[in-house]
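Residue numbers (our numbering), protein chains in the order written: chain A, 1047 to 1374; chain B, 1303 to 1785; chain C, 78 to 404.
Errors might be hidden in some of the hints.
[Claimed, not checked] Which bits of chain C does chain B cover? Going by a derived footprint, with three or more residues having C-beta under 8 Å, they are:
no., stretch
1, 202 to 211
2, 239 to 253
3, 370 to 378
Calculated from the structure, these hints are not laboratory results.
Here the structure is a predicted model, which means the values were calculated and not measured.
Ideal Cβ positions, reconstructed from N, Cα and C, are used throughout, including at glycine.
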Amino acid sequence: MKIISIYEYPLIQDRPVKKKGLGSKPLATLSSFLKIKLLIVLAFAVMFFSRTPAMAQEKKESSIEMAYFKKADLTKWAVAIVTAKNTDGKFIPAKNARVSFYIQDSNELQLLKNVYTDNKGKALVQLRKEMPLDTGRAFVVVAKIENDSLYEDANEKIRFKEANITIKLNPHDTSRTATAVVTETGKDGTEKPLKDIKVNFYVQRLFGSMPAAEDYSVNTDENGEAVFTYAKGIPGDTAGLLTVAARLDDNEQYGNVENKASTSWGTHLMVEKDPFPRALWEPYAPLPLILTISTLFGGVWLTYFFIFNQMRKIKNDKQVKTGIEQKQ
Amino acid sequence: MVNERLNLEKEIETVREDCLKPTRKWGRSTKIWIGCLLIVIAWGLYCYIHQLRAGLGVTAMRNYVSWGLYISTFVFFIGISHSGTLVSAILRITKQEWRRPITRSAELLTFVSLLFGGIMPIIDLGRPDRIANLVIFGRVQSPLMWDIISICTYFVGSSVFLFLPMIPDMALCRDRLTVCDTRFRKFKKWLYTKMAIGWKGTKSQWHRLEKSMTVMTIIIIPVAVSVHTVVSYIFAMTLRPGWNSTVFGPYFVAGALYSGSAGVILGMAAFRKLYHLEKYITPRHFDLMGRLVLALTLIYAYLNLNEYWIPAYKMATAEGHLLRDLFSGSYSIVFWTLQFGTVLLPIIILSIPKGRKPLMLAITCIIIVLGAWVKRYIIVVPTLLHPFMPIQEVPGDWSSYFPNYVEFSVTAAALAGIFLVITLFSKMFPMMAVWEVEDGIKIEHDKQRAIDIRIQREAEEARSRALETDPGIQPIKPDIIIG
Amino acid sequence: MEKENNNLEKPSNRRNFLKVGLIAGGSIAAGTLAISNILSCNKKEGSGVKRTVFTQDGKVYTTDQSHLQDFEVPPVSNDEARKGIPNKKFVMVIDEAKCDGCKKCTEACQKMHYTESDREWIKVFKMQDANATAPYFFPKPCFHCDNPPCTKVCPVNATFKRQDGIVLIDNVRCIGCRSCMVACPYSTRFFNWSAPIEQPELEGMTYSPEKGIPRRMGTVEKCDFCPDMIRQGKMPACVSGCPMDAIYFGDQNEDAVTNASGVTVKFSQLLEDNAGYRHLEELGTEPRVYYLPPKNRKYPKPDMNNIDKKKAGKPVVKDLDMGNMQM
């Protein structure tokens, strides 16, 4: 199964969709005759496309998978991935499925939001800061497909408890050790450490979090602490700064929970001394090339100027003509 | 003695009149010819304006074949422009006397084909309106920039090279304007006076002219070689199969010389026939030029061998695909026709003395020139149709190329432009360097006189010797020996 | 996180997105402006949607989207677009084992760049190196070579190599000589043979070499690694559009690449473990795009007997009044 994650930058950002090409403005360059022709074509095209193809189709069997995320900025998200059965009987991502997210508040479902799935069948919604909790101090989110024109009804629900991760570290610590403390908020507001929870350690990179090592999981002890030592030589920025992250991934009880911290454990990135050297592919040419070309053509042009000067002298010749046979 | 002097002056006078005659009158056929050329040019211009407005999409060029007939023609015209340099400069340097009647037409051909050759890439530009960017943002690393620099240099050089030997002739035209017809007299007078740049024929003027000519003759040769080398670099500097070749510079230069000197012969033949210069441009000239073209064709054939045999022996992946297409694929008929018909066949014809007779030579040269043009096309287009990435799932017209009417019309207009400029030039200025031919006659005359004097003296010496020693022996007639 | 495309209640967000796109790609001033706004603005309730903002000095800030929407800043200046993002070296890794030839990358790219159907900035080839070897799908974007044959031959510096490794085209400067198209051994470049088809959504859009739109007749275009998206902290359209997670993208300086699912892996490790290679290495162009060989493929291999040289799609070339007839 595909990994469900929203920590990264996963989604295609769709550009605003408008009718392409044959828009409101006919091609200015076309002659008026062609314009009329185009309009006729356009009219047919509109007639053709305005019919909804889904009307005639049968609804596809669909299924929903769900996940819960709590990010480092403490925002909470629910994700639903919708798949639908294709003609081969395989489940493939279902796009443009209308997913309704509900929050369960004491046996009552509250509609949170309706979201359409993207090309990968993914729909996500931000949850409230304070979620209504049930007797087990857990919250429930339900995702449903109801009366969708393309897909059969389906529903899925998740139930998670809230956990927090705090990262304890000394940013200038040369041993590069990070301690993640996993706790659960109790009824009275106190933080209760959680034992035997798998914590994964990551390094923040430009487009996502990278596992910090091949074995990047540590289980918490009775104090709720997981200790991880970052390797030497992880590339940082020019100042050697590095953002590290600790996460619960797909925890059965707590879902996905993340926290981040900034350290100076990275190696310093060497700033390019001259990002635009004199080179054949750069704007400025290598000096030998310039020298060669200017010498070669400079020499030729100097010769030309010598000849221009001779011509000038021929023109300004003061000698008196003694006869056409002057030349020997 | 006085008689001889008179004969010489008479002869020179005939030369002058023969040379100036075409500039005196525009015949009816000339007018029709110019009219036809103007029609072709007008239609080409219309097509070009159409191309400007609608974009290069009106040509048959597409994304794979993004250079087509225009660039091939550019290379061809620049190649033809090598004629003037070679024939004129090399023959001048080696002091070949027979060069005298043909240098002018060779130099003119250089000038004109370079002019239109230089226009071809501009026609090929997608945004000719931004041509100033070449000056504002010019990058000296670009082979195209080398082209621009060296073509400009060569153009200035060949203009000077054409102009220098014209100065005394312009003075002649200026001085003999009275014989000219009345129309355009004012204009002609102004033009000739300007172009004669105050030529009086003084000793120092002759001296300076000779000096300039010597310098120009030497400097123009490396410039000409550089031009065609650099033209080949716009291809050879890429990684494309077929172009990625170190022999491309010499290959293009050889191809240029081969087609260019053939072009000169065609010019010679045309002017000889049209302006009745049979007296000056003789079968001997054709024979000698034929030998020259033969030598150049052999060099060109040798470089062809290098260009195709070396990669064909190895058949490296991408190159192999291209060569297979050339040797036995869709371009094979054209390719082998070019190799056998325009390289091997001329070698055979030109090796036979009869093949170097004016008519036969002219026909051979037409074959050579046309062959060189098609050859440029065969160098440019098939390579572009054999990129490293396979051509898959593209619109139909991307994967093949044949020039369409726009390209043919514009190219024809450029060719017509060449003919037009040559025609106008020959109707304005003498097509032979009058003073050079005069010099030739004088030298010949002087030589003849020297011979006569020597014969006379030797005969006298022999007679006196005979009288002194043995009066019974008859005087001996000496052999004619010329140093 | 992005949710605009999922948004039902707020269609206006689509418009907002564009604004954010603009600000995120803003100049130094814009970057500082945006940040200072966050620091000072407490009145405004955040939407909870975080945006990553790239400033000119290469710093990354995360901020609430709602704080960014008020600004409308033009895209980066031509000078900035020519310099590129400092201290970055973008690389792409394409896993042939994962590619099933669905061409979703091409679709995403064409949508992102409003490309006409005949131009595939990233094109999926069906390749087979020899008769006996396994055929494979080969998505090919621009390789953004470190020894680029194309920028070498440009006479006017209209196509150029940036410090972040990206090769771009400035279609305001391009004179249309097509030297670069001829020089590119990978047939990556496309020419606007005729006037681009007018699209209403492109109206009033400010041109930047980083976006490549609006197009101009008589100039060259090609894959640009979506630098305007990178400035917003997002990956190129083809990468995030790949349903098979076959394309990875990242910063070589960070030694990390990320795929569409957000899986980030060590770039050097990925190449080492999978015997990564570059296409036509022998040409010496030093591409910034790496390939992983099609080993242990999960999808059916391409049918090499069924390759169309021609596509049904019509070429987008317009003619004014004369028929574009072939002689």
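Evaluated hints:
{"no.": "1", "hint": "202 to 211", "in the structure": "holds (count 3)"}
{"no.": "2", "hint": "239 to 253", "in the structure": "holds (count 4)"}
{"no.": "3", "hint": "370 to 378", "in the structure": "violated (count 0)"}
Consistency with the previously given hints fails for number 3 only.
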